[in-house]
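> Letter by letter, the chains look like this.
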Amino acid sequence: MSHVRAFGVFWWDFIVGDDWVVAAGVAVGLGLTALLTHRDIAAWWVLPSAVALVLVISLRRATRSSK
Amino acid sequence: MTHGVFLFLTTFLASGVEAVEALTIVLAVGVVRGWRSPLIGVGVAALVLAAVVAVLGPALRLIPIDTLRLVVGALLLVFGLQWLRKAILRSSGYKELHDEGAAFQEERALAASASTEERAGMDWYSFTVAFKGVLLEGLEVVFIVITFGAAQGRLPLAAAAAVAAVLVVAGIGLLVRAPLERVPENTIKFAVGLLLTSFGVFWGGEGAGVSWPGGDLAILGILAFLALVSVVLVRLLRRERIATLPAAEVGA
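Chains as they are written, first to last, in our numbering: chain A, 1 to 67; chain B, 1 to 252.
The shape of chain A in the complex, shown without the other chains:
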């Protein structure tokens, strides 16, 4: 494995971790929040809800793969 690839894999593992769904869910949650606030719609509830949903989905994936 080249050093560049190893470097990329290290940072991917370090930041994204075991489940890419978490990072994708966070990106979607933040994007939706920004979109709503840009249109002057109260969006404080979006991120907490998104985090709870991401947690449920990610845990479901982890427990299914461990069975």
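Hint data in this document are derived by calculation from the structure and do not stem from the laboratory.
Don't take each hint at face value.
[What the hints assert, rightly or not] Derived coverage of chain B by chain A (criterion: at least 3 residues anywhere in the stretch with Cβ under 8 Å from a Cβ of chain A; other residues may be distant): (1) 14-23; (2) 221-228.
[To be verified] Footprint (simulated), chain B over chain A, 3 or more residues, beta carbon under 8 Å: (3) 13-19; (4) 22-28; (5) 35-43; (6) 52-62.
[Said to hold, decoys possible] Residues of chain A placed beyond 12 Å of chain B at every Cβ, according to the derived structure: (7) Ser2; (8) Arg5; (9) Gly8; (10) Leu32; (11) Ser49.
Predicted model only: the values in this text are computed from it and were never measured.
For glycine and all other residues, C-beta sits at the position ideal for the given N, C-alpha and C.
Got chain A sorted already, so can you dock chain B onto it with the hints?
For chain B alone, kept in the frame of chain A given last:
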């Protein structure tokens, strides 16, 4: 004030658990192969980590605060959710609890079986294992110190909390000369996961333009909500896991 307390607490706890894991590695190598080379490895790794904080910390201050909070919030969310996810899986029995005693024995056996190679006047195995252990565990701490410190403009406080935690763990490690098995690592990781995720939600939201109801106090509401969700998930998963176990295992 509230943010300062949370900043210190989160950084102290996160640094403490990572320091406990690094201590286990250094102790295992030092006990078997001698102390000089692993201690040099620890020192070099500490210098690298301090340099990362010294360079990246001030550099982040150049980014506009809203952009910084959005980026820091996103990173803390991804990072915090990883900690929280693992903590919930451990608490519900789907993942084994981290055992410092077992990790120490495993590391010790590896150190005993490794060959001796001298480089730069050091036992190279001891140096590299201690260096890598401290650097990798320390990177998580550095990440938390930099993101928390930069988002609040209080890098020295975050760094002081991390240094204090490392000194406490190293001091206890020197006294007992054994892995710190009684530290409730999994509980601390659960708490740190909750704190990182809560601050990620708060700062990420602010960066995306949210005006939080209650201002700064909203952080407590977010923390309470995520704690409740996590406890409910632990209970549901634990019940689900027990339901799938064979009857003999449940009764044992």
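> Against the structure shown, which of the earlier numbered hints fail to hold, in ascending order?
1, 10 and 11
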